[in-house]
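Participant: Sequence:
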Amino acid sequence: MRVTIRSKITFFTLLLVFISIGVLGTHLSRIAEKSLKERIGQGMKIQASSMMGQIDRMMFERYQNMDGWAKEPIMMDLLKDDKEGRIRDFLLNMKKEYGLYRDLMAVDLTGTLVASSNPKHVRKNIREEPWFKGALKSTEITVFSLISTEFPGGPTTLFAAPLHTQDLINQIKAESVPSSETQRILEVLESWKTPVLGILVAVLEWNEMTDLLNFMPVLEGKDQTPQAYALLVNKDGIALTQPYFDEKAVMFTRNLRTEGIKAAAFASEGKNGYTIEPGHYGTLDFISYASSSGYRDFNGFGWSLLVFQSAERALSPIRHLQMQVFLLGILVALLASVISLFLTQSITRPVEKLADFTRTVAKGDFSGSIDVTSSDEIGMLAGSFNDMIKNLSKAQIEIVQSRDFTDNIIKSILDPLIVIDSSGRIQTTNPAATKLLGFETKELENYPVEALFSEESRREHENMEKIRQGKAFNVDMEYKTKDGALIPVLLSVTALRDSHGREHGKVLISRDMREYKALERQFREAQKMDAIGKLAGGVAHDFNNMLTVINGYSEKILMFKENENLAVRSDINQILKAGRKASALTRQLLSFSRRQVTKPVSVNLNEVINGMIKMLKLIGGGNIEIVVIPTEDIWTVKIDPGQFEQVLANLTVNARDAMPDGGRISFSTKNEQVTEAPLASHEELEAGSYVCLSISDTGTGMTEEIKKKIFEPFFTTKPVGKGTGLGLATCWNFMKEARGFIEVDTELGKGTTFHLYLPKSTGKAMMLSLEDFMEPLPRGVETLLLVEDEDLVREFAHGILTDLGYKILVALNGSEALRLAEEHTEGKIDLLLTDVVMPKMNGRELAERLLALKPGIKVLFMSGYVDDDFIEKNAAGIKMPLLEKPLTPSALAKKVREVLDEGKKA
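Take 1 as the starting number for the sequence shown in the numbering used here and just add one per residue.
Since the hints were derived computationally from the structure, they do not count as laboratory data.
Among the hints, erroneous ones may be present.
Label-pair ranges, simulated between beta-carbon atoms [what the hints assert, rightly or not]: (1) L748 / D476: 56 to 62 Å; (2) G99 / E462: 39 to 45 Å; (3) R511 / E676: 43 to 49 Å; (4) S369 / E312: 29 to 35 Å; (5) K471 / N255: 24 to 30 Å; (6) L853 / R127: 50 to 56 Å; (7) E33 / K471: 29 to 35 Å; (8) G611 / I808: 35 to 41 Å.
Glycine is no exception: its CB is placed at the ideal position from the N, C-alpha and C atoms.
Put together the whole structure using the sequences plus the hints.
Facilitator: This is the structure:
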């Protein structure tokens, strides 16, 4: 039998077409399927890890609630069967406030429900419940999953926290004011024979967990079966939730490990990853799994999360592509057969073109097409082949887009992220990582990741081993940047594994801890400053008591007109002048310690500066020249002089530190009409008349970047231990309270000028003369209750007030004052004059108790040192009259008369 050339061409043409399409289609579909599986698996793994993190945080919050409630002193009422209902009310309030619990209960050791947020459960006995027996054996908070329970609402999970006797004893001792009742309760608790009083139980509203897991969209196939769902399992493999679509499933009954699901077994071993295996509903599924890693110091309960997705639906694009290739192959074969029968000669050249293009496509180049323009069967074949290539190209583009989508997610993460291969070399970084490390992206490609750590971090062998194993979580490490800077980070490392559990790389996520470390240092500095402030305030308090005696008796001596001995009067004047200077020093101490009620008065800034010249020179030192350039007829301003002196001192210290080799500090004043332009950055202020004080130095100046931060609390350019960063912040706060503002002019190498603008006051400048006491002192006949623990101060005040005609009742402390008030029956007590700071009972507490005993009595406090509560009430507008120490006869007489006359009709 003779074989024709037409048969040969037809045979070889069909053979070539089938081989080309088969090889190309099979090769491309396998590549596409493998890549798609990996992308889907990794995406589901990230999804499972993210949701497991949310669940860990949710359980941490429940755990933290139970730990705090179990230590509440109110739980001691369990000993009295909660007869007063305080535990019941507490549980009701917690349930209402959080809305996350089905029921909250307190159970005694016999299993009796003493108190519950559900009244129906009270007095029930649950001692035979297995979970109750388990809770009694544990010393920590335990969690139980229940199918049938005494508590309606379906399967749930509950927390059981033991009420430790010693915890309650410690809490009561720390929070309670000693009393006979408290002592009795402590004796009962300390005599309790068991370390536990009972159990605090929280029944969770488990639907909340189910709702969280129902994030998956309802995907259904042709047979209407769900395609995606998630299950939470415990460490034994038991499902703690049910699929949203399966109404017959019962929580806590299904064990995924015994069902042979490998992902459940991997998850119980603490691994994260994904598998492709038959699921529970008979379909081949992608199953990603993520194990609990806890949250903060909470280690979790060993739970895992499994996310199921139908492999058939996920891989449907590949199956569709394979079917297209198959159908196109059949079509091409048929067309080739017809063409070979009728156009043997003309088919040779197009077939050669087809073979050439097939080889190009086989190499992965989808950019071209077959250049055949005929409209016959050859043209149809070429067109069909071009369509096939377009479809393949489209599938390849979708794969690339999926990869780009993942890359965009990585780039959008704000924390530095680094992906390394199994050999420890960097493969991928996000912009946050390159910015932190100072490298370009290409510089880090194939760079050994361990070279990024500082030498000290690499010496931490335990941490480095955790990183190599991919098990590091919140490890303190140090990165070394390109320019050699060391950056502290909190590092977590997770291993990347394929579907078979083999590691092929790791992901390193770090958090820049520089700001946290800086805040930590600032907090320690603030604590130190607070301690220094309290010490300064305490010294000022005792000093003011002594100054009361010195200044008070000096003024009293000078009050006697018959003492005309000029030499004696001059000496006493010198004593009084020194005492007032000492008073000014204590006032500055109190201003520094924040234990002073502000007393703004109208003053002349020139006089304030002149009074500070000696102190400013001492602050500046021997190599600093202090120059004052005052303006005559300067307007008055309303400020607290003592606090303003502190502002001058702070600015002088800053100027001095900017001139280590010496220089000049000048203080100049002027009146100025401020327009709206300079107030653009101070919207709360108004244009008008201001007094401007300019403080200039010839120091180093500062950059614009530093200038923007100088008024921030704790910001300082000085070395550690040389500055607190509070000086300029204090100045800013003072100017804000005075309704003023600060402008700064500075230039590197040429010095800095601070312009302090204070609004003009309409009041007359206050002038303190040593002869103010020469005017007659106001007198009275009212009855006063004097309370002062310092003997010398008490005797001084008693003598002055007695000389002025008042009837005085004297007490050494608050308790004695209350006794005298109760025993006084000869008439009413018109005024309580009491020290603020006293042992056992302070002046404010005494006033509150005395007002309850004798309503209508007026109160005048006296102190050189007041507590924070007194200052806050004064600042809030609550009237609390205060006579500041050191006392003088004139100040004492005028203030007493002022308070007694307050409210009387003229």
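Participant: Determine which of the earlier numbered hints do not hold for this structure and return their numbers in increasing order.
Facilitator: Structure breaks hint 1 only.
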